[in-house]
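Number of protein chains: 4
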Amino acid sequence: MLKVGIYGASGYTGQELLRLLIRHPEVEVVALTSRKFNGVPVSDVFPVFEGLIDEKFMDASPEDVAGLSDVVFLALPHGVSMEAVSVFLEAGKNVIDLSADFRLRDIDIYEQWYKEHTVPDLINEAVYGLSELYRDDIKAAKLVANPGCYPTGVILGLAPVLKEGWIDVTSIIVDSKSGVSGAGREPQIGTLFCEIDEGFKAYKINQHRHIPEMEQELGLLAGSDVKIFFTPHLLPVNRGILNTIYATLRKGVSASDLIDLYRGFYKGEKFVRIYKVGAFPNISSVKGSNYCDIGLTVDNRTGRIAIVSAIDNLIKGAAGQAIQNMNLMCDFREDTGLELVSLFP
Amino acid sequence: MLKVGIYGASGYTGQELLRLLIRHPEVEVVALTSRKFNGVPVSDVFPVFEGLIDEKFMDASPEDVAGLSDVVFLALPHGVSMEAVSVFLEAGKNVIDLSADFRLRDIDIYEQWYKEHTVPDLINEAVYGLSELYRDDIKAAKLVANPGCYPTGVILGLAPVLKEGWIDVTSIIVDSKSGVSGAGREPQIGTLFCEIDEGFKAYKINQHRHIPEMEQELGLLAGSDVKIFFTPHLLPVNRGILNTIYATLRKGVSASDLIDLYRGFYKGEKFVRIYKVGAFPNISSVKGSNYCDIGLTVDNRTGRIAIVSAIDNLIKGAAGQAIQNMNLMCDFREDTGLELVSLFP
Amino acid sequence: MLKVGIYGASGYTGQELLRLLIRHPEVEVVALTSRKFNGVPVSDVFPVFEGLIDEKFMDASPEDVAGLSDVVFLALPHGVSMEAVSVFLEAGKNVIDLSADFRLRDIDIYEQWYKEHTVPDLINEAVYGLSELYRDDIKAAKLVANPGCYPTGVILGLAPVLKEGWIDVTSIIVDSKSGVSGAGREPQIGTLFCEIDEGFKAYKINQHRHIPEMEQELGLLAGSDVKIFFTPHLLPVNRGILNTIYATLRKGVSASDLIDLYRGFYKGEKFVRIYKVGAFPNISSVKGSNYCDIGLTVDNRTGRIAIVSAIDNLIKGAAGQAIQNMNLMCDFREDTGLELVSLFP
Amino acid sequence: MLKVGIYGASGYTGQELLRLLIRHPEVEVVALTSRKFNGVPVSDVFPVFEGLIDEKFMDASPEDVAGLSDVVFLALPHGVSMEAVSVFLEAGKNVIDLSADFRLRDIDIYEQWYKEHTVPDLINEAVYGLSELYRDDIKAAKLVANPGCYPTGVILGLAPVLKEGWIDVTSIIVDSKSGVSGAGREPQIGTLFCEIDEGFKAYKINQHRHIPEMEQELGLLAGSDVKIFFTPHLLPVNRGILNTIYATLRKGVSASDLIDLYRGFYKGEKFVRIYKVGAFPNISSVKGSNYCDIGLTVDNRTGRIAIVSAIDNLIKGAAGQAIQNMNLMCDFREDTGLELVSLFP
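Protein chains in written order, with the numbering used here: chain A, -12 to 332; chain B, -12 to 332; chain C, -12 to 332; chain D, -12 to 332.
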C-alpha cells in the first residue's frame, strides 16, 4: 500500500481528498495535518468520517510528514505551499500541489498576480496536472501542479477548437458560475448562508487569478497568445462549476462537426463526456463524480459557438483530478478510486 | 378607486399582481379569474392572502370581467391572450397584456416564433411597455404589451450604449440566468424541486422566444439590425434574473465614462440604479423590488465591456412593471404602490 | 416626524429595522451606528438601500444617539445592550431593546443563563414586548424588552390553551426549526453556506437561552410553573421559524373547538392568523410579513394536540414586532408601516 | 454475476438502485422498466448515466423481466406492486419490494390505510426488511418488504429503549423532517421548486401511511401496543430525513447510559453510528451513504429523552437498504456495494 499524506487537510478540498483516498484500493492515508484543528479527531471536524477514521489532525512539519509518506497532497493557500513543496521534493517524495504556486511557468506573471516566489527553480520541475493534456509528462513527474477549478473546465472545453484552429483566438469570452465550496471553509461574511442563498452575482470580472493560468494553457494549445474575457459568478449551490464559453468560428461548421471533433479529440478519455446535439450539461449531472461534461452548439446567424462545460469543482476541479494525477505518477489504472457515479438529486 | 381585473390570476405572476395591487392606494381588485381554481378561495391557493382576501377565483368570460373593471391585466399563456385582449379593447377598457402576443411589431416574426396571430390589426395599437423608454406612448395607450422578463433587463442594460453608438452591434452576447418562478406554476418534471436544487444548466441556447423581442427593441435603439447570441440558464432560486452582457467597444472609454453615460441616460428614473466603479448587482439586492440594477466594466486588454443587470423577474420583469404601466396610463404617480424595498436576506 | 435611532444597525435585524422604518410614514431615521462599519455608506454594506439611503454608519456613543433621537432601537448583543439602555432611559428616550437583557424578570435566572446584570434596577421598568399579550403595558412603557424569535411564536402558539387550562402543563414539547438569519451576520464556520445548504440538524437541545424566557411567560399564562422540552433545529432557508408544539389535553375537545378557542382569543388581532381545520402554516406564507400563523390539530388516539406556529424571525420575531411596540408606545395605529404582504415564492 | 432487474426504474428510487447496482461487484443489471419512458435511453432521462449505461427503458411485463433476472427490485406505487410481486415469486425469483404492499402483517390495517389487497396469502411469506432487526429472516426470505423511509430511522432510533423497556410506550412523539425526493418524480404543484424552496411545513399530521408500519414494528419491539404521535415535515433539501423522537423515561438514566445501551444494541452493525454525548447528527453527514446516525440526550428536568436519527431517504431509507437486503438474501458480504462515504458539502 502506498503511504499518502495530506498536508492541509481541514478545508473542503482536504476533506474531499480524504473521502476519496480512504476508498482507494492502493493507498493508505498516514498523515492529516491542520494547524487550526491540531489534536482534534477528524470525525469531530467532518462527521461524515464518524466510524471510518479514528485519526486526529496533527500540526506536523513538512519534514515529519515527508518521513511518513510516499506521496503528499498539498491543500494549502497559495504562497504557503511553495515552501512545503521544496521540503517534500528534497526528501524524494512525489508531490501533488493543489495550490497555484507551480501552475504558472512564467515567474513574472506569477508574481504579478500572486506574490513573490521563493523557490523559482522548482517551477521548471512542475508539470501542469491536466491529465487529459499532459498524461505522459505527469507519469514522469515528481511535482504536479494541480489545475485550478475554473481552468480545468475551461481548458478542457476549448482545447479541441484551439488545437484545430477552428476559432478566432481573440474572440473568447468565458462566463463561469461556481458553487460556494470553491471559496473555502474560512469564515467570512461573503460566504455566509444568508449572503449566498437566493442570491447570484458576478465577482472579480477580469480580475480573477485563474486568468493567467487559463491564458497560459490556452495559448499553448493555440500556438499563439490568447487573451480572454473572464466573468466568474457565485452560484447558491455547494458544488459544481458550469462554464459557458463563447467564440467566433473561423470557418462554417455545424454542431455535429463540432461534436465529432470533440469526440475524436477525447476518444478513450474516461472522464470527459461529450453530449449529443441539442443537449447541454447540468452541474447536478457531474456532482460527486470526476467527469467533465461538455455540450456544444453553433449559431449560424452570428457565426459563433457556445461550449458549455461542467465539473464538480471539488472532484475534477481539485481532489479527484489530484488523485487521477497520483494514479498516473504511481502507475495505477488512471480511474482507480474514481469510478464515481454522480449523486442525483 | 379604479376597478381592476386580473384575467388569469392563479399563476405566480397573477399572484404577484394581486399582492401589489391590494396595497396600491388608488385601485380596487374586482375580479380574479382562474379556470383551474374556479370557486376556490384565493387564500386556499395562495395562503399569503389569508385574512387579506376573502374572494374566490372565478371562471369568468372576458365579457364578464370587462363589465366589472376599468383596467384589466392579462396573465395568460401566449396565444390565449390575444382573443381576450380584443374583447377588453372593444369594451373600451385599458389593457395591460403580460403575454407575448402584442410585443412583436412584425407579425411574420411573431408567427415564426409563436403561432398564428388571430387579431393582427390590434398589433399596431399596442405600445411596448418598457416605461423607461416609451413613457409618453404608454400614457396615451389603450393596450400595453408588457415586456418579457429577459428583455426587460437586457434592453435596459444595453439601451445607453446602443443609443450612443458606443458598441459594435454585431458583437453582443447575452448570458442570462433566471430564477425558477419564470417557468410558471404548471407542474412539470423539469421544475420539480429535486431537478433544480443544487443544479444549474443552460437551456434553449439561441432558441428562446425572447430573442426576437430583444432584437426588435435593440435594433430600434441602435438604428440598425441587431443579432444577439442569447444563452438563458436556470438558477436554483425563486426569483431574480441576472444578465451578463458582453460587447466590443467602438472607441476607448473607461468604466467611469460608461457609468457617467448610464447615469445621464437614466437620470430621474426611479427604478434604475447604476452602480459605482467595481460594484456589480446581486439578484438578492433587487428581490422583492421593482428595481433594475446595473453594473458596468471595461476590459482594456480585449476592448470589451461587460454590463451586468439584475431584476426581480416577477416584479420589474412582470407584475411590477405592469403596474408601473398602469400608473402611467391612469395618470397616477409612476411609483405608486411600487415603493418596495428589496427583501434581504 | 418622530426621530428614530438604531443602535447596532449592521446586522440582519438592524438592516430589517431600517428597511421597514424608511417606509414608515410617521418616523425619520436619524442615526445608524456600527463600530465595524464606521464611516462606510449603508448601501455599501447592504446594497438593497442603494439610491434610498445616503447615510453612513457611525460609531457614536449612546449619549450622542440619545441627543439625536426620540426613540431608540437597540440591536446589540446580550450583555452589551444593558449599558446603553440605561443611558437612553436616563436621557428620557423611549427604548426598544431587541437583546435578551431585560426579558427575564428574575435576575438570578438571567445571570444563570447569560451573565452578570449590571443595571438590575431597570429590569422592573421593562415591559415584555409581546404586543398581543401586553398591549396596555407597552403603551405606557419607556423600556420594552422585545421578545426572542423562538419565544414569540411559541408563546403566541400556547397562550390560549394555557390561559384556559386545556392542557397538562407538564406535557409541553416544543420542536422548533429556524432559518439561518437568526444566527446573525458574524462570520463563523457553522453558518457558512456549505455547512447549512442541504443540511438540517438539531442544536442546543434543552440548552438554548430562550428556554427561561419561554418558561417565564408560559408560567404566567398558566398560573403555575411550566417546564418545557425544547429542541431548536437549523433550517436551510434565510428566514422563518416553524414551531411544532405538542401537549396533552386535560379534556376531550375537537380540532374545531380548539380553533374556536384561538379565534376568540385572538379576535381583532391584526397579526395573528388562525388556520381552518386541516390546514397548517408554511414559513413561506409568512416570509416578509409581520404575521404569526397558527394551525391546530387534535389526536384522539393519544389525547394530544399539535400546535404549529410560523413567523418570519426577522419581522414578527424581531424588527417588525419592535416597530409594532413603537407604534403602541407612540400612539400610532398598531399596524403602521407593517401592512406587509408575504413575499411568495 | 447475479442478474438483477429493476421493475419501475424511472423514479428517484429506481435511479438510485441503478446508481448503486452498476458499481456492485457481484451483480449485473439486466432489465430496467418504465412505462412512461419506454424506448428512451436511460441516460436521456438521467444524464448521470451518460457514458455508463447504454440501455433503454423498456415497458416489459413482470413475466418478461422474470425471464431475464435472478433477483428483482420493485419500485412501483403501492397497490400496483402486489400484482407484479406474485408473478416474480411464482417464477421462483427473489423479490425485494420497495412499496408498502407487504410491510403490514395485518391485512385489515393495510386495507384501512391503503386499498384492497389482492394477494393476501403472500403477506405471510414477506419478511420486513430492516436488516439490523431481521437479519436471519431476511437471509432465508424469498420476498422482502423493504421498509418505508420514515419507519427506517424511527424504528432504528427507538429499538433499544423499547426492547429494554426504558420508556413509557404511551409517550412517544415523532417529529420528522424529510427532503423532497421522498415525494417522487411525478409532476405536481406541491413539489415544484418554488413551492418548496425557502419554505417549510408540516403535512398529514397523524395521517401519514407510515404510522401503522411504525406502530407494528415498535409494538413488536415493546411487546405491547404502541401508539405514536407522528408529524412529518417537508424540508427544502433533496435528500435526508431527520427524526426528532421524544419519550418519557421509566427510570432515571443519564445520556451516557443511553449511549452505552445503543452502542451495545448496535454492536457490530456497519450502518448504524451512535454519536457521543452532546453530539447530534446532521442530514448532510449521511447524504450519499447507507448510514443511520443517532444522537441521544436526557432531560432530567422533565424526565424525557430525545433521540435524533438521520438517514439518506433514498439510500438507507430505500435503495441502499434494499441492496443490503439483497446482499443478505444472496449471501454476499452485507456491505458489498454500500461502502459509501457521505458526500459533504
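It is worth saying that the hints were derived from the structure and are not from the lab.
Keep in mind that a hint or two might mislead.
Intra- or inter-copy, both count: the list cannot distinguish identical chains.
Heads up, simulated DSS-like pairs for lysine-lysine below, C-alpha to C-alpha not over 27 Å straight-line [as the list claims (entries may be wrong)]:
1. -10 to 191
2. 191 to 263
3. 43 to 23
4. 257 to 23
5. 263 to 23
6. 257 to 43
7. 257 to 238
8. 238 to 191
9. 257 to 126
10. 43 to 254
11. 23 to 150
12. 43 to 263
13. -10 to 257
14. 191 to 102
15. 150 to 254
16. 214 to 129
Outcome of the hint check:
1. -10 to 191: The answer is neither: 39 Å in one copy and 40 Å across copies each exceed 27 Å.
2. 191 to 263: Cα proximity of residue 191 and residue 263: across copies only (14 Å, versus 33 Å in one copy).
3. 43 to 23: within (12 Å within a copy, 36 Å between copies)
4. 257 to 23: neither (37 Å within a copy, 31 Å between copies)
5. 263 to 23: between (47 Å within a copy, 22 Å between copies)
6. 257 to 43: between (35 Å within a copy, 22 Å between copies)
7. 257 to 238: neither (30 Å within a copy, 47 Å between copies)
8. 238 to 191: between (33 Å within a copy, 24 Å between copies)
9. 257 to 126: within (17 Å within a copy, 38 Å between copies)
10. 43 to 254: So residue 43 and residue 254 pass the 27 Å test across copies only (23 Å; inside, 43 Å).
11. 23 to 150: For residue 23 and residue 150, the Cα distance exceeds 27 Å both inside one copy (45 Å) and across copies (43 Å).
12. 43 to 263: between (47 Å within a copy, 16 Å between copies)
13. -10 to 257: The answer is both: 26 Å in one copy and 26 Å across copies each meet 27 Å.
14. 191 to 102: The answer is within: 18 Å in one copy meets 27 Å, while 43 Å across copies does not.
15. 150 to 254: within (15 Å within a copy, 48 Å between copies)
16. 214 to 129: Result: close neither inside a copy nor across copies, 31 Å intra and 51 Å inter.
Checked against the numbered hints given earlier, the structure breaks hints 1, 4, 7, 11 and 16 and satisfies all the rest.
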